[in-house]
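Make a model of the complete structure from these sequences and hints.
If you're matching them up, the sequences are chains V and F in order. Taking the working numbering, the leading residue of the first sequence gets 1, the next gets one more, and so forth. Taking the working numbering, the leading residue of the second sequence gets 262, the next gets one more, and so forth.
Accuracy of the hints is not assured; some may be wrong.
[Unchecked claim] One side only, chain V facing chain F, incomplete, derived with CB under 8 Å: (1) Ile-157; (2) Glu-164; (3) Ala-165; (4) Gly-170; (5) Gly-172; (6) Thr-175.
Simulated from the structure, these hints should not be mistaken for lab results. We put the CB at the ideal spot given by N, CA and C, even for glycine.
Here's the letter readout for the chains.
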Amino acid sequence: MKRGHLGAWLAVALGGIYFLAPLVATFEFSLRMRRGEYSFDAYRVVFASGNFQASFLYSTIVALVTIVVAALIVVPAAYFVQLRLPRLRAIVEFITLLPLVIPAIVLVFGFIRLYGSSSALPLTATSLGTDALLTFGYVGLGLPYMYRSVDAGLRAIDVRTLTEAAESQGAGAATILFHIILPNIRSAILSGAFLTFAIVIGEFTFASLLDRPAFGPYLQLIGASRAYEPAALAVMAFALTWACLGLIQLVGGAPAPGVRR
Amino acid sequence: MFLALTGIRKTFGAEAVVKDFNLKVERGELVTFLGPSGCGKTTTLRMIAGFETPTEGSIRIDGRDVTHLSARRRAIGMVFQAYALFPNMTVERNIAFGLKVAGKPAAEINARVDEMLTLIKLPDLAGRFPHQLSGGQQQRVSLARALAPSPQILLLDEPLSALDARIRAGLREDIRALQQKLGITTIFVTHDQEEALSISDRIVVMNEGAIEQIGSPGDIYNRPRTRFVASFVGTLNTLQGVVVDPAEGTIRVGQTILRAQGVIEGTKTGETRALALRPEALRLGPPAEGDNALTGVIEDATFLGAIRRLRVRIDGGAILVDAFNSNGASFPEPGDEVKVSFSPNDLIVLDP
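Here's what the structure looks like:
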């Protein structure tokens with residue numbers, strides 16, 4: 001082995017240990033609930049818990065609604081920016097980046113002030129209203145990822161010419177968006193969707209301060225009160241996030257739409 | 262009059278990209294917009310399509326004013342340089358798209374798609390996706406898609422520019438045959454003079470947003486009116502001459518008096534005018550009765566296969582002479598003195 005290779009291997013190994021050791025240790029700890037032997041008892045307890053199921057289901061539904069709302073807002077917006085208002089692109093990109101800059105805690109206090117029970121639009125007065133508020137907040141959080149993926153997808157196809165070709169065939173804006181543009185950026189939308197899902201499923205700040213029965217606050221509660229279950233949940237959360245990233249790779253690397261494999 | 266463009270002007274900011282454009286196109290005619298890139302030909306086409314709105318002027322199709330009508334309501338078929346087939350749809354669904362949008366019944370759509378596939382000679386490719394086709398095949402499908410809803414006008418925006426030379430020539434002939442068979446009024450945009458000359462009923466030569474000349478391919482080639490048209494279409498010799506007698510059509514180049522056909526319009530004795538001569542209109546040897554002749558020295562000879570192109574230095578400039586190559590024919594060598602002769606009919610006096 002050459003010296004240069006040795007250094008490279010060393011660097012990779014160090015990095016690998018830095019990231020993997022805590023994970024392996026957490027996984028190992030999560031298996032030690034039964035004294036003296038390894039078992040999946042912690043996982044069994046977690047899965048059997050009604051709170052786990054309810055909060056996970058709640059967060060999944062919120063995540064899915066978030067994805068649909070985000071796609072419905074972002075796709076037409078990005079499409080028209082690209083087609084008719086290219087000069088606005090820099091401004092729109094800046095706006096979509098804001099959720100990364102403004103801390104979630106600031107956003108959620110803003111929401112509570114604006115939509116509190118004594119405001120003009122008291123969304124927090126009902127539990128459905130609060131669910132909606134939570135979802136809209138998540139749409140905001142997912143904006144940087146959704147917009148970026150969709151914009152990249154639109155740049156990869158010739159939006160202008162495809163639009164003109166469809167217009168010359170008599171198609172209106174809705175037909176063009178749903179039958180021409182959307183199917184051709186499907187994989188871009190999906191990769192934005194998986195990222196959004198991964199963020200929303202474990203989000204704590206919004207859910208906790210709006211007092212929603214979501215997965216994030218449940219994780220925190222268990223972490224504060226139990227020993228082995230939090231480790232099991234952490235491993236599961238990692239697995240879920242990795243599954244999402246794997247799916248992005250899969251759809252992102254997929255060949256052009258319509259290709260039969 | 263089927264298509265009429267009247268007083269069209271288009272500005273982007275302070276820059277006028279199309280100026281004072283007037284054109285009338287008959288039903289079933291194929292008119293080509295020819296010019297270098299940036300001459301406004303594509304912008305004019307896009308105004309006919311409805312993708313751009315003229316700053317001034319009006320566009321009428323079949324008597325109806327469509328100047329401010331959106332593209333989707335104009336009943337035009339458009340073929341793009343980049344094919345622009347819908348990547349998520351098969352060939353069949355691409356061709357059917359316009360008919361579906363128009364809400365035609367399925368049976369009618371299927372029949373029309375089959376008819377179109379036969380017309381473009383690709384009946385077996387209905388189930389393929391665009392990325393599984395060659396460039397030439399994609400452009401045929403694009404043509405079929407444009408024609409399927411029976412548009413009033415077919416617009417072709419440099420449809421052959423992205424293709425190989427061999428495929429280009431074949432598709433060019435097919436487009437012309439199809440256009441004549443269907444009798445569809447067509448506007449064809451190109452920067453390639455050979456394409457324009459071979460396919461058109463009439464050619465509109467454009468430069469810097471304005472029309473330089475409108476005429477049949479023969480007119481444009483044999484009787485270019487301006488120096489721009491003369492230099493853009495084909496190879497051309499240009500010389501400076503001084504008018505001797507406008508009424509007799511005589512003009513002096515160096516010390517030689519040449520005769521043009523008929524009266525030289527809009528000039529007077531002593532004025533300098535640009536003259537043009539096609540290399541293939543010139544021949545070596547003494548003039549026949551009534552022809553013009555110039556004397557010069559061969560500078561250079563290039564073998565081009567079917568022809569030999571000779572550069573002859575004359576009094577007042579250098580001219581190219583094309584001579585047909587035939588086996589056994591002898592050609593003068595550089596340094597030889599020759600006589601170049603041509604008919605008065607081939608001496609083109611360009612507009613000032």
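Against the earlier hints, flag every one the structure doesn't satisfy and list their numbers going up.
Going through the list in order, the structure violates no hint and respects every one.
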